[in-house]
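Undergrad: The whole structure should be built from the sequences, with the hints applied where relevant.
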Amino acid sequence: MPLADALSFLPGLATVAAEPAKDAAALLRLAEWCDRYSPWTAPDGIDGIKIEVTGCAHLWGGEDALAADLIARLDRQGVTGRVAVADTLGAAWAFARFSQTGERPVVVWPGKTRAGLAPLPVEALRLDPATAQGLRRVGLKRVGDLYAMPRDAVTRRFGEAAARRLDQAYGDLPEPLSPLAETPARRIRLSFAEPIADPADLALATGRLAEDLVARLVLEGLGARRLVLAFHRVDGRVERIVLGTARPSRDPNHLAALFKGRLDTVDPGLGVEDMILAAFAVEPLGPEQIGFAGASINPHPHPFHSLPRERRRVGEGAKEGTSGNVAALLDRLGNRLGLAALLRLEARESHIPERASVRVPAALPSPPLLRSGPSRALRERGVQAPTVTLPDQRGREGEAAGWVRGQWGGERLIGRDGGKPPRPVRLFEPPEPVEAAWLLPDDPPFRFTWRRRAYRVRRADGPERIAEEWWQPDESGVVDAIRDYYRVEDEEGRRLWLFRAGLPGGGHPLCWYVHGIFG
Amino acid sequence: MIGPSSKMPRDPLSVLPMLRDQVRRLERPAATAHGVLPFGAAAIDRALPGGGLARGALHEVLGAGGDGEDGALAAAFVAGILARLVTAVDGIVLWCLARPDLHGAGLAACGLDPARLVLVRTARDSELLWAMEEGLRTSGVAAVVGEVGAFPAVASRRLQLAAERSGVTAFVLRRWCNGGQAARERNLPNAAATRWQIAALPSRPVTRFREGGDSRAGSGIGHPCWRVELLRCRGGEPAGWDVEVREGKMVDATDIVSLAEALADRPMAPGGGDTSPPEAIRRVG
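In order, the protein sequence lines correspond to chains A and B. All letters in the first sequence, in the order written, are residues 1 to 519 by my numbering. All letters in the second sequence, in the order written, are residues 520 to 804 by my numbering.
There may be inaccurate statements among the hints.
Claimed, not checked - Below, computed lysine to any residue pairings styled on SDA-like, alpha-carbon distance capped at 20 Å:
hint : chain 1 : residue 1 : chain 2 : residue 2
1    : A       : Lys260    : A       : Arg189
2    : A       : Lys260    : B       : Pro671
3    : A       : Lys260    : B       : Glu652
4    : A       : Lys260    : A       : Pro284
Worth flagging that the hints you see were computed from the coordinates, not collected in a lab.
TA: Right, here's the structure in full:
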């Protein structure tokens, strides 16, 4: 009935404006909180939550205990609810809303579903009101009555939705539950009898969780790459710390240290009652060989988990004043600055300068890159370190232009890779335009203006022609068709790498750019 | 029994270096505790305490003039030093920067293998200094390089202490985006062990050869020439040198900086090669 009519019946009626958005948000938060029972949770409609507790119930001592715990905790948060546990989603929905047990949780064991569903009204099948009314009009008031009808008649008369809901409730049709968030590969939960809020206690609990998770990962030979530590507060909110590592890690100290570094971003509120550590991306990780004294032979040690607890201290076997190894350093830097901030320079076979040396993320696994050869210990025993070979930059040399002024003859002014002129230490991306003046078409400029300063060129070398790589697809770069590169030196000695884009004598104007600066 | 003290040598003049060394060790016990990296050029090594660049310490490198914005000379100088350092020490080189314009081929030309580098790209100075300090505290890192503009003295002290404790060498390249800020901050003191300033000099003309065999003095660019100034050195005195950077024909890369023979008298004669002896290096300052 409209509000005005209701108020006329009962003038003292308390009214509150409906806020569906806030209600939905609150339901979502509650569903996230229910994550403590199982990661497979999702809101259901506007007033329900569905949780998949297959395989989790034993952690609470059975489905009855789990349901009772849920009711008690919801009550503590000020939420009244009805809980039903059954072996299909449809049946649980029906029992939660339509069973006659009052406030007590309903647990229906497999095999009793059919008998339990039969006396419930047809609205318990999640049908829309029109279909339910149609069923009632023909006299099918109970679910059991509907079940007794031939299925194709029901489909013809009431649509396939009715038959589908019936099958889902009885378990003949599977109904998967899409969880809110990604389900973790491994999960460890720590519940506290009393809620804790002290940062020292949280840190201790973090360490304990990390060790337990690592114990599980060790048994399966896995390492974790992405971890989420969730703090379930007493008021129902969930705070999270998300962590990523550059390599799969199984080092409890390292993981705990990474989490502890971010603990100050977590607000425990009035207290945290559960902490759940979930590993999302796991990769296989073999065991490490340890030396006799407990330190690893590998110069980048991973403490092998079978060491007794007291030995597993950070820095064992490391130098005085140092903590951890390079992989741990990259993790620490990556977690604060973002893993995209760590880069390596890799050479590519290309004679176009901006493609010849590319920056790649450093988090790609390639252990030989961090080591230059046998470790100091092995080297002292006489194992020779291999000579450091620079990446092979055998790109095709640009074709030399006609005239020669300052040829690369005589002494080798070139880099270690034979045959190519030296490259600048700093390369601008994109190249900066300059205004240049030159005499003859193939000459380097004798004067140019760059960054609003005028430069007079005293010496120049070049040109070196670098043409586009026709074998690359068209959209793979911003290369002008032909570039003639010159090394120029001005009166003060600044050495720059200029190029002219475009061929002289063509119809379009020629553009000059500064591409880099030499040391 | 008190006898004549025979430990003291008779000659008082030879006592002085011994005493000086003792005093230096007492004054700064950790100064060269991790060893030194010699430049391979005798004149520079003589000016540095211990005969080379101190390892396990913080060194600051500035580029003169316009190089304060781009940092190419400073980067080439540091790359040359690192090229020798990484042959002696295991581990990666952590290079922290805000503008990722380092070119791998250019570093290779200076002798540094770019595969040993891990670049850390940061947005803020505070994050950059934090990353440098983290790198200094890690085993498996051979050296840490950072490109900062504003370099407060407190931060420099922290980095110096971290470097001393762990033995990892730290380099700070000063690089500003703003000329006014550069001028203001360039001369502020900090706790670096040495402070270098590199300026570019015009290179010497190099004799070129054409196919016909006749030599002709071309006007091409020769080997890069720098003016290297040691502005401040703990335990040493400021000095400056004009150097020519030349990769020796030997595979041994320790000789990356060799002192030019004929820079003593300038301007440069257009005829090529002088015959003045190699010791005629003008020491300035």
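Undergrad: Are the hints correct? Go through all of them and say.
TA: Against the structure, the hints come out as follows:
A distance of roughly 17 Å separates the Cα atoms of A:Lys260 and A:Arg189; the hinted pair therefore holds under the 20 Å criterion. With a CA separation close to 28 Å, the supplied pair A:Lys260 and B:Pro671 exceeds the 20 Å bound. About 19 Å separates the Cα atoms of A:Lys260 and B:Glu652, which keeps this hinted pair within 20 Å; it holds. Restraint check for A:Lys260 and A:Pro284: not satisfied, since their Cα atoms lie roughly 25 Å apart, outside the 20 Å limit.
In summary, the numbered hints that this structure violates are 2, 4.
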